[in-house]
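Chains F and C, in that order, give the protein sequences. Mapping of the first sequence onto this note's numbering: position 82 corresponds to residue 82, and the numbering continues sequentially without gaps. Mapping of the second sequence onto this note's numbering: position 130 corresponds to residue 130, and the numbering continues sequentially without gaps.
Some hints here could point you the wrong way.
As the list makes no split between identical chains, a pair holds if one copy fits it or if it spans any two.
Unchecked claim - Lysine to aspartate or glutamate pairs mimicking EDC-like chemistry, simulated, CA-CA at most 16 Å apart: (1) K94 <-> E297; (2) K94 <-> E295; (3) K94 <-> D290.
Worth flagging that the hints you see were computed from the coordinates, not collected in a lab. A quick note: this is a predicted structure, and the numbers were derived from the prediction, not measured.
Protein chains: 2
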Amino acid sequence: MDLTVTTAELAGAASALVKLVPGRLIDPVLSGLLLTASPDGVAVAANDRERAAQVSRSAVVHTEGRVLVPARPLADTLRALEQEQVRLVVEGSKLAIRAPGARYALPLLDADVHPGVGTAPAVAGSVAGAMFASALSTVVLAASRDDALPMFTGVRIRSEGDRLVLVSTDRYQMALASLPWSPAGSPVDALVPASLLGELARQLPSGPVTVHADRDRFGLGWAGALVTTAVLDGSFLHESKIHLSDVDTVVTLDADALAGAVRRVGLYADARRVLLVEIGDGEIRLRAADQQAGEAEESVKSTVEGGRTGQAYQSRFLTDALRCFAGREVRMEIQPGMRATVFSSVEEVEPSVRYVVMPMLPPR
Amino acid sequence: MDLTVTTAELAGAASALVKLVPGRLIDPVLSGLLLTASPDGVAVAANDRERAAQVSRSAVVHTEGRVLVPARPLADTLRALEQEQVRLVVEGSKLAIRAPGARYALPLLDADVHPGVGTAPAVAGSVAGAMFASALSTVVLAASRDDALPMFTGVRIRSEGDRLVLVSTDRYQMALASLPWSPAGSPVDALVPASLLGELARQLPSGPVTVHADRDRFGLGWAGALVTTAVLDGSFLHESKIHLSDVDTVVTLDADALAGAVRRVGLYADARRVLLVEIGDGEIRLRAADQQAGEAEESVKSTVEGGRTGQAYQSRFLTDALRCFAGREVRMEIQPGMRATVFSSVEEVEPSVRYVVMPMLPPR
Chain F
1 MDLTVTTAEL AGAASALVKL VPGRLIDPVL SGLLLTASPD GVAVAANDRE RAAQVSRSAV
61 VHTEGRVLVP ARPLADTLRA LEQEQVRLVV EGSKLAIRAP GARYALPLLD ADVHPGVGTA
121 PAVAGSVAGA MFASALSTVV LAASRDDALP MFTGVRIRSE GDRLVLVSTD RYQMALASLP
181 WSPAGSPVDA LVPASLLGEL ARQLPSGPVT VHADRDRFGL GWAGALVTTA VLDGSFLHES
241 KIHLSDVDTV VTLDADALAG AVRRVGLYAD ARRVLLVEIG DGEIRLRAAD QQAGEAEESV
301 KSTVEGGRTG QAYQSRFLTD ALRCFAGREV RMEIQPGMRA TVFSSVEEVE PSVRYVVMPM
361 LPPR
Chain C
1 MDLTVTTAEL AGAASALVKL VPGRLIDPVL SGLLLTASPD GVAVAANDRE RAAQVSRSAV
61 VHTEGRVLVP ARPLADTLRA LEQEQVRLVV EGSKLAIRAP GARYALPLLD ADVHPGVGTA
121 PAVAGSVAGA MFASALSTVV LAASRDDALP MFTGVRIRSE GDRLVLVSTD RYQMALASLP
181 WSPAGSPVDA LVPASLLGEL ARQLPSGPVT VHADRDRFGL GWAGALVTTA VLDGSFLHES
241 KIHLSDVDTV VTLDADALAG AVRRVGLYAD ARRVLLVEIG DGEIRLRAAD QQAGEAEESV
301 KSTVEGGRTG QAYQSRFLTD ALRCFAGREV RMEIQPGMRA TVFSSVEEVE PSVRYVVMPM
361 LPPR
């Protein structure tokens with residue numbers, strides 16, 4: 001293999017793959033990047049048997065070939081280089097990275113035992129990348145990070161006619177987002193690891209993204225790139241609608257104003273980090289008290305309809321919920337007792353997002 | 001106590017004190033901020049018996065008084081507030097922080113057992129703040145962070161006629177800086193904790209700074225602010241000159257070009273993080289090799305005088321040394337054998353800085 005490529009382009013591709021496919025410490029081969037040089041350019045791929053990703057970049061290919069090299073050293077070297085062009089050439093048992101005045105050489109790993117690029121599941125439909133990224137960045141907030149209960153670490157992605165619906169929960173909070181969807185195959189219903197979706201939300205382009213799915217795998221594709229993952233096992237989240245039986249208080253207010261108050265009053269919360277939300281006339285009051293930290297009270301202007309049902313919440317859940325509605329008016333639908341409060345946008349926006357927070361017992 | 005003050009000003013003062021005087025977990029009183037309201041405004045002070053700091057801010061004082069409150073909650077609350085003005089008023093056993101629509105209350109601590117503001121050691125002279133900050137940020141790099149050997153965690157600050165000389169070492173590297181000094185009292189010779197000096201380098205104003213010193217304490221003062229600390233015990237660093245007995249190779253080159261090469265080639269260094277520097281004709285070559293990571297070689301254009309003595313160095317020490325000369329030409333004076341290499345600026349600049357790095361045995 002021997003090729004010349006724009007440094008920044010290959011550096012971007014290698015860094016993206018390192019973030020999408022973390023690899024397995026136990027097997028260096030599964031932490032490798034597979035470089036394939038063909039007349040079309042260079043394809044870079046990673047596959048740790050659970051997750052797989054591939055990207056293509058244009059390159060001037062002097063000699064075709066295929067090599068497997070350690071991913072992180074390649075990505076780090078390319079990113080640190082200041083030269084605009086870089087040459088990658090196999091020299092004996094090494095892949096040399098050459099730029100004027102400099103040579104770096106990475107050991108070649110055994111490409112024959114690597115699982116390869118992998119095949120893509122069938123196309124199920126397509127979405128707008130920017131909107132999908134926005135929806136993903138919202139729902140990953142409510143997913144659990146506790147690997148002991150894998151099914152709560154996923155986001156359920158399901159097609160419902162011309163909408164794609166995303167749901168996640170860690171049992172204390174739940175996020176729902178939906179967005180327009182152009183179906184082009186079988187319906188989608190998959191539980192996808194939230195950690196991968198969080199990274200994809202950062203990497204997705206704003207243009208069209210194809211959704212790939214079969215029984216075992218889920219994937220996203222866009223210009224020259226394809227990322228797939230094994231799906232999680234779990235069918236706990238069959239609801240994509242929230243049934244509110246007993247809303248007696250509806251509060252609408254500026255999400256950022258409330259988020260600011262939560263941040264400040266949260267400094268005074270007790271060991272459980274619980275804030276009390278009291279409903280007043282044309283305002284809500286946040287309160288917190290802790291024997292050591294002191295006490296705090298802050299009012300936020302609001303439109304209040306219905307009753308006067310206050311609740312107590314963990315400040316972290318309020319912060320996450322409000323982040324989904326930054327810069328907008330948010331509606332809080334409050335049910336009495338230990339029943340959920342639903343946050344939604346007053347204005348209709350796409351993706352449509354609802355965030356559900358379970359109340360806590362108020363501080364004594 | 002009852003006063004109204006500009007939020008950002010008091011927030012800045014409280015945050016600065018929290019960083020300068022970390023306090024003692026074991027005694028909440030020593031982690032407190034002492035607020036004193038007088039017709040002149042408000043003075044904020046911290047004193048954990050080892051370090052002490054005080055700043056003054058203008059304020060509209062409605063009622064004079066003095067209170068002690070937990071430092072970090074006060075600083076965090078002030079920093080999070082969006083209102084331009086804030087009122088601090090004692091209400092019972094609390095200090096209330098009031099802004100429109102909001103009230104936060106901190107418990108009062110027992111001010112009578114607090115060591116108070118403390119007295120300043122006598123003035124010994126003065127320096128230009130910006131230049132002193134630059135010199136401090138350089139010498140703290142070479143100080144040790146290992147509290148097991150306290151004398152290496154300090155910077156020796158000594159007056160020599162009309163120069164103030166700063167020296168630090170962790171035994172593997174050494175930094176020397178000197179700058180113009182206007183003496184105004186007894187000579188200074190103190191070993192001052194590097195961690196405090198690092199924070200002071202960030203906080204010092206560009207204008208004049210007075211240096212205070214006596215046998216037990218060292219301090220810096222500037223407009224309305226005074227920071228003092230107990231000095232460390234240790235008189236190991238009596239040399240402020242470096243005697244180079246056997247320099248046989250002098251290399252001059254662009255510090256940033258070398259720093260970039262160290263960063264890239266360092267990715268390929270072995271477990272000891274050692275880089276080999278070889279002297280060529282009109283260039284130096286950096287080399288590193290590791291069985292797992294691969295190998296790297298990079299040339300940097302240089303002016304070479306004298307012999308061809310190469311050395312091996314820890315990449316971290318090279319990075320620290322070169323940071324002191326960023327944007328400038330640097331001179332490396334290399335001695336053969338296990339003798340020190342001295343880095344200095346080709347152009348004469350203030351503060352004058354020399355950085356000494358001990359070589360390592362070359363990689364086998």
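Tested hints:
1. K94 <-> E297: between (65 Å within a copy, 14 Å between copies)
2. K94 <-> E295: This pair counts as between: shortest inter-copy Cα distance 9 Å, intra-copy 64 Å.
3. K94 <-> D290: between (61 Å within a copy, 13 Å between copies)
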